[in-house]
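Throw the hints in and build the complete structure from the sequences for me.
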Amino acid sequence: MKVYDCVPGLEFDESVDFDVSPVWFQDATHSVPPWTPMFGWFWVNFCRHGMQYGAEKLSLPTVKGWDWRFKDGGGYLALLIVQDPEERRAREERFKVAIKPFIEDFSGMWKGFVDEMVGKYDKLKINLDTATNIELLENFEETINVCRRMWEIHMYMMYGVYTAFVLFEQMTKQLLGFDDSGPQFHKLMSGFDNKSFQVDKGLFDLARKAEEMGLKDLFLSTEAANMKTALLQSPKGQEYLKTFDDFMEKEAGWRLERMAEINVPTWLEDPTPAFAVIKMAIEKGMSYNLDEDRKKHEAERLATEKELLEKIAPEQRSWFKTIMKLAQDSAWFSEEHNHYLDLYAHAMVRRSAMGVGTRFAKEGAIDARDDILFLIPDEVRRAGINPGMFNLRSVVNRRKADWEQWCKQGNAPAYMKEGFTFEDAMKGLVESMDPIALKVVVGSMPVARPELKADLFGVCGSPGTVEGTVKVVWTEAELSKIVKGDIMVAPTTSPSWTPVFSILGGVIVDRGASLSHAAIVGREYGIPVVMNTFEGTKVLKDGMRIRLDANMGAIYILDK
Amino acid sequence: MNVKELYWLDELSKEHNDVVGKKCANLGELVKLGLRVPYGFALSVAAYETFMEQTGLKDTVVQIVEKETKAGLDVDKEIDKMIALSANIRETIERCDMPPGLARQISDYYAELQRKVGITDVPCAVRSSGAVSMPGQMETYLNVRGESEIIRHVKRVWASAFTTRAIVFRIHNNMPISWAPIGIAVIMMIEAKSAGVILTVLPSAGDLERAIVEGNFGLGESVVSGEITPDSFIVNKKDMCVESRSIGEKTKMVVYGESGTTVEDVPVELRKTSCLEDHEILEIVRIAKDAENHFGNPQDMEWVVDKRFVFPENIFWVQARGAKYTKQDAGKNEDYVIDLMLQLFRK
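Quick mapping for you: the protein sequence lines, in order, are chains A and B.
Taking my numbering, the leading residue of the first sequence gets 1, the next gets one more, and so forth.
Taking my numbering, the leading residue of the second sequence gets 1001, the next gets one more, and so forth.
Just so you know, not all the hints are guaranteed correct.
No farther apart than 20 Å at their CA atoms in a straight line, the calculated lysine-lysine pairs in the PhoX-like style are these [said to hold, decoys possible]:
no. : chain 1 : residue 1 : chain 2 : residue 2
1   : A       : K111      : B       : K1238
2   : A       : K216      : A       : K195
3   : A       : K100      : B       : K1237
4   : B       : K1332     : A       : K96
5   : A       : K321      : B       : K1327
6   : B       : K1238     : A       : K325
7   : B       : K1252     : B       : K1307
8   : A       : K125      : A       : K57
9   : B       : K1332     : A       : K325
10  : A       : K201      : A       : K284
11  : A       : K541      : A       : K484
12  : B       : K1238     : A       : K321
13  : A       : K250      : A       : K120
14  : B       : K1193     : B       : K1081
15  : A       : K321      : B       : K1332
16  : B       : K1324     : A       : K325
17  : A       : K427      : A       : K400
18  : A       : K100      : A       : K321
19  : B       : K1237     : A       : K321
20  : A       : K209      : A       : K250
21  : B       : K1324     : B       : K1237
FRET-style restraints, in silico, Cβ to Cβ [what the hints assert, rightly or not]:
no. : chain 1 : residue 1 : chain 2 : residue 2 : range
22  : B       : E1269     : A       : I557      : 31 to 37 Å
23  : B       : Q1343     : A       : E307      : 37 to 43 Å
24  : B       : N1236     : A       : D424      : 16 to 22 Å
25  : B       : N1236     : A       : G285      : 35 to 41 Å
26  : B       : N1236     : A       : E307      : 17 to 23 Å
27  : A       : P183      : B       : I1247     : 49 to 55 Å
Chain A regions said to be covered by chain B (calculated; three or more residues, Cβ under 8 Å) [to be verified]:
no. : segment
28  : 56-62
29  : 166-176
30  : 213-221
Don't read these hints as lab results, they were simulated from the structure.
Backbone N, C-alpha and C fix where the C-beta goes; we use that ideal spot for every residue, glycine too.
Below is the structure:
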């Protein structure tokens, strides 16, 4: 049987796709390592849909969202720039109306969308073991719809609020003389709570509870993977487990190690990562101090606001404050949306896909549950009602072999038409004024300052200076090697990594911008973060002593 | 309108402006809003007229003036003689006995007031309450205690309508000499722990989401006049939390003296302490928000905390009016922000 494309209609094809755009950027933040076919199908289809939906709902004058392609497990994107000046003007008129709700009541809008999505997720939580084949297929179809809706909300909200962020940065540059790499800028963006942090706090509370209940020794002597079994041995442990399970069910259970992949279990399926965080918190004596830190940062933010407002002419203050408020909203939104949108929705995709996978394996369409990750929705539909009548192994085997190959070879950072340079590509990006491209995916380019004689340069994500030992981290499992005061070096960071920030001295990431995860979390924990070093994970090695001056975006290796 | 000679404040509203004068009508309006104003009663313009009629003073006053003008008094130039004339009239009025009907009513109202407040011979302020702006000084008497003293000072306020300037004004405008649309407020004296103002808007920023409370120990005059640095509290009206506070170094305060207010030193140990407890601040904001909702626009109000009463019955209101502030044109602001966003895309 012919093996179809992973993402039919959106597979990268050099012969035609360079007519759409001379450059296709790899989404290195989300598609490294390469996606499984099933997840790639969801992301490429619906992230693409959401971006175009959001840009169109807002009628962004310069960009119509992004086009996406799938190539060897990688996501590749191209900006849909509005070229015709006449069309730009027409879009401006519609934008004027469309952006209003964001200015009037951003948090009210967000609350409405959170309620909508949480309601939709709850409806998906049927018992998959007892469901009939038809019900399973229906659940899967509905999950597709919910995921698509998630991306619509995601990108509509993100485009709207990030537009204000970019504007605010321009304003601070013009009126106050600093941009989003300045320490003062970061102070203005700190001291906000969000749902992701509340979940972290819950984990720290569970660590404290374990100590209070006299379970400290058990936690210290047991591997995270065996924790549940160990806890079940004693009445105290069972009691603790009740609180733990309740927290997983209600708050943390849909956390995934990779925000953009479904091939690892959610915490609800396998609570090992949650136990690992709790164990780490007990072991390393982490204390949850985010609440206190936040109060301090909030006071600092208010003081900075006051100080800066005084430098602004009284007649300009009113609108400056409006833009500042919305820019600040984007700071907490960029962390909180991960919780209610990406993570939760993808956990639901995993849940439904695993339900189908279990049934397919049981009735003989595939060998094992996880083989479902190498199918795509079309094939789920093909065998959905009568899995026992179809053998999908040949598809699974071919795709699995391909995927293993992709993982080995890695993907190119961009595909460019012949004669087209990286500089040309960056120019197009800036021209689009696409706020998501500018502030999340690409960010500012580091400026090398030879007079500093530093070994590596990046862009300030959170201000401060620190000295410490390097720990290079690629996956969540490696977090355990971190001890208090270490400087974490990573390609990027993921929302499920936040608890470790409380013991870090500093963070260096290869890629990121002022609204990336590492920057936002770093600001809330008050630790220096440098981003866009591009080669930090290559240059810096475990155990190296370094000095990190985030204010200058400079990194010095001390023991050369 | 059926006009009475005496009114309780809660019987009054702004429609009674011509009946009892502005001050009384305004206090009545505050009571109607549910605001606690210092307890008291009003004597109407009709009470003044009854007094002047029944005592025959209406004619007496005319006779006194006519006697002098016929003798060739130049009302504009002979200042000394005018002063003597005014003094003569005022003395005549003050010496005259209160007609029994009026005297009984005043004593009934005062007795009821003592019962209401729970203090025998409760000290009162006896203040004039003009229905229109009138030239000349209208008197206010403080710390008036006991029935006979109240009656005596009511007469003194009425007599204060006959200043030289007022007499000259009436002659020039061909008005009856005894014409004086004057009401009187008899209000219990506050024993102020602290007093001040609240604006339910931040006036210079035009921030409608916040209120500012300013206060000092003693009476509110020191805050209104701006002589000292008062304590200042900014409260978020939605969350009802004190967002910022600045405790001023309050060296002076205004207190009631024998015949008016005097400035005193604030005891050294109190100067840098807050003149309000947080629950008092929030109660003041809560009530002011109600007033703002009632009037539909931000309010500028004066409050006093009376040390003789228990929270929340210790908070009294003496003034409420629309606040003056720099208006933020929300729509315009929004349009400007949108315009800036569009500029961004045009780069």
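Here is how each hint holds up against the structure:
| no. | hint | result |
| --- | --- | --- |
| 1 | A:K111 to B:K1238 | 18 Å, holds |
| 2 | A:K216 to A:K195 | 27 Å, violated |
| 3 | A:K100 to B:K1237 | 24 Å, violated |
| 4 | B:K1332 to A:K96 | 13 Å, holds |
| 5 | A:K321 to B:K1327 | 15 Å, holds |
| 6 | B:K1238 to A:K325 | 17 Å, holds |
| 7 | B:K1252 to B:K1307 | 18 Å, holds |
| 8 | A:K125 to A:K57 | 30 Å, violated |
| 9 | B:K1332 to A:K325 | 17 Å, holds |
| 10 | A:K201 to A:K284 | 16 Å, holds |
| 11 | A:K541 to A:K484 | 17 Å, holds |
| 12 | B:K1238 to A:K321 | 18 Å, holds |
| 13 | A:K250 to A:K120 | 15 Å, holds |
| 14 | B:K1193 to B:K1081 | 46 Å, violated |
| 15 | A:K321 to B:K1332 | 14 Å, holds |
| 16 | B:K1324 to A:K325 | 26 Å, violated |
| 17 | A:K427 to A:K400 | 38 Å, violated |
| 18 | A:K100 to A:K321 | 16 Å, holds |
| 19 | B:K1237 to A:K321 | 18 Å, holds |
| 20 | A:K209 to A:K250 | 18 Å, holds |
| 21 | B:K1324 to B:K1237 | 18 Å, holds |
| 22 | B:E1269 to A:I557: 31 to 37 Å | 59 Å, violated |
| 23 | B:Q1343 to A:E307: 37 to 43 Å | 26 Å, violated |
| 24 | B:N1236 to A:D424: 16 to 22 Å | 51 Å, violated |
| 25 | B:N1236 to A:G285: 35 to 41 Å | 37 Å, holds |
| 26 | B:N1236 to A:E307: 17 to 23 Å | 21 Å, holds |
| 27 | A:P183 to B:I1247: 49 to 55 Å | 31 Å, violated |
| 28 | 56-62 | holds (count 3) |
| 29 | 166-176 | holds (count 4) |
| 30 | 213-221 | violated (count 0) |
Going through the hint list in order, the structure does not satisfy hints 2, 3, 8, 14, 16, 17, 22, 23, 24, 27, 30.
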